[in-house]
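Turn these sequences into a full structure, and let the hints guide you.
One line per chain: the protein sequences are A and B, in this order.
As numbered in this note's numbering, the first sequence has no gaps in its residue numbers, which increase by one up to the final residue, 219.
As numbered in this note's numbering, the second sequence has no gaps in its residue numbers, which increase by one up to the final residue, 431.
Bear in mind the hints are in silico, worked out from the structure with no lab data behind them.
Treat the hints with caution; some may be incorrect.
[To be verified] Partner residues aside, some chain B positions facing chain A, computed with beta carbon under 8 Å:
1) 225
2) 228
3) 229
4) 232
5) 236
6) 267
7) 271
8) 283
9) 285
[Unchecked claim] Distance windows between CB atoms, simulated:
10) A:169 - B:259: 48 to 58 Å
11) B:306 - A:152: 37 to 47 Å
12) B:400 - A:152: 43 to 53 Å
13) B:391 - A:80: 22 to 32 Å
14) A:166 - B:329: 51 to 61 Å
15) A:187 - B:378: 42 to 52 Å
[Unchecked claim] Just a sample of chain A residues kept apart from chain B, beta carbon distances all over 12 Å, derived:
16) 54
17) 170
18) 171
Glycine residues also receive a C-beta, built at the ideal position from the N, C-alpha and C atoms.
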Amino acid sequence: MNAIACDIDAWNAPHRPRLLRGVRPQPRAKVNPRKDIAPASGVRHAELIAAVSERADRDAFAELFEHFAPRVKSYMLRLGAAPEAAEELAQEALLTVWRKAASFDPSRAAASTWIFTIARNLHIDALRRTRPPPAEDPADTPAGPATPDALVAAGQDEARLRQAIATLSHEQAEVIRLSFYADQPHAEIAVALGLPLGTVKSRLRLAMGRLRTLLGDQA
Amino acid sequence: MSPTQHPAEATLVDYAAGTCDAGRTLVIAAHVAACPACRQAVRLAEAVGGVLLGDLEPTPMGAGALDAVLARLDDPLRPDPRPPAQRPDWIAVPPPVLEAARRRKRWAAPGVWVAPITRGPGRRSSYLLRVGAGMAMPRHTHQGVETILVLKGAYEDRGVLYGPGDLAENDETVDHRPQVTREGECVCLVNAEAPLTPLDWVGRLFQPFVGI
Ligand SMILES: [Zn+2]
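Right, here's the structure in full:
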């Protein structure tokens, strides 16, 4: 990835050789990838990524793939990708999850957030791909093994945010959903909802502010 | 020092959602990198994107997709590309901006250079713009939104001083004549949805040479 969208560390990271495969840290605790618990939760996904990072666990990867690849594909389709390109980008996104698992830091982002940003960055880079893409994002600093607490905390953050979104008014939730997964500029969203553009933008601002307040209150 | 002029929240959400085009993404990314407040807003929006991703109706992957990816897991990786060095006199910018400054700079008028970065879709383009100390841009307005970020120096526009990291979003409701401060040159990263519209004869004369 050429890392337009990711943060500043990415642009400044010193050049360094990638870790050789096979020198990963020894496993800490065993996750049983196939012993599935109810709906795939944020905690579960964070544990699976840790399993990939720490011992190249292919079963854990397969479970992540089965959950996220079809959703990333839907995201790409909504961003306007052709079906073949959407399929390819979804595969690429999950391959990136495998390769960069060591840089997943649950104290920074939930598993779903992390995978969402990987997919989004691939989409942005695909938009401007006028030359062969460089192999890898030089960004990624290995995060080190995640503690079980951090994995749980990441999952809880995601659950709290999910709850907060559920408390938004119908209008606010709708404008957020359309902003993310309709690939329409706000001007078109405004037309679709029969609202002035300014109203759409201020509704979005209020919705994000409300989420901020709700999350702050619970912190 | 943190920037004082920020993109609209709706712009940050679009940026986080991946619905901005590539040129606009470059400009917002450089502001966000320089701005702790916007970084926080983007992180929240990305978390929302992650939650909503989980709610999307899945689209079945092609037959054998998982096997195809499993087969590639151990492919050797090409070495990381060496990122170009940041310029010490600018705020930090994504690599494509540095490449443009190195390779595609062209003098457009006395005291002015432009370096194109991305072109399209449609009439959109992004570019670097350097304007010398104390110079004023010809009076102009915009079609669509222009997103402009100061990388170095400062300019004044309708009573507001824009310094390094500050970002403005100008549209067709804006009629202005930004002026670079006397202290030194000003370098900006710009994304425009359409070429700007000169409002006086100086501008009409100026535009063909500058190509923005
Ligand atoms: Zn800001």
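For this session: Using 8 Å as the Cβ threshold, decide whether residue 285 of chain B counts as touching chain A.
Result: For residue 285 of chain B, the interface hint holds, since the closest Cβ of chain A sits about 5 Å away, which is under 8 Å.
Problem set entry | Minimum Cβ distance from residue 54 of chain A to chain B greater than 12 Å, as the annotation requires | Given a closest Cβ separation of 15 Å, the condition holds.
Exercise. Can residue 271 of chain B be said to touch chain A, with a Cβ gap under 8 Å?
Worked result: Status holds, d = 5 Å.
Exercise. Does the hinted range 42 to 52 Å hold for residue 187 of chain A and residue 378 of chain B at CB?
Worked result: 28 Å, violated
Exercise. Taking the CB of residue 306 of chain B and the CB of residue 152 of chain A, does the distance hold inside 37 to 47 Å?
Worked result: 43 Å, holds
Exercise. Are residue 391 of chain B and residue 80 of chain A spaced within 22 to 32 Å by their CB atoms?
Worked result: Check passed, 25 Å falls within 22 to 32 Å.
For this session: Could you check if residue 267 of chain B really has its C-beta closer than 8 Å to a C-beta on chain A?
Result: With Cβ-Cβ at 6 Å, under 8 Å, it holds.
Exercise. Would the stated hint for residue 225 of chain B survive a check requiring a Cβ distance to chain A of less than 8 Å?
Worked result: 12 Å, violated
For this session: Taking the shortest Cβ-to-Cβ distance between residue 170 of chain A and chain B, state whether it exceeds 12 Å.
Result: At roughly 15 Å from the nearest Cβ of chain B, residue 170 of chain A sits farther out than 12 Å, so the non-interface label holds.
Exercise. Okay, residue 169 of chain A versus residue 259 of chain B on CB: inside 48 to 58 Å?
Worked result: Roughly 24 Å apart at Cβ, these two residues miss the hinted range, so it is violated.
Exercise. Minimum Cβ distance from residue 283 of chain B to chain A below 8 Å?
Worked result: Since the shortest Cβ distance to chain A is 11 Å, the answer is violated.
Exercise. Is the interface hint for residue 229 of chain B satisfied, with its Cβ closer than 8 Å to some Cβ of chain A?
Worked result: 4 Å, holds
The structure fails hints 1, 8, 10 and 15 (numbered hints given earlier, in ascending order).
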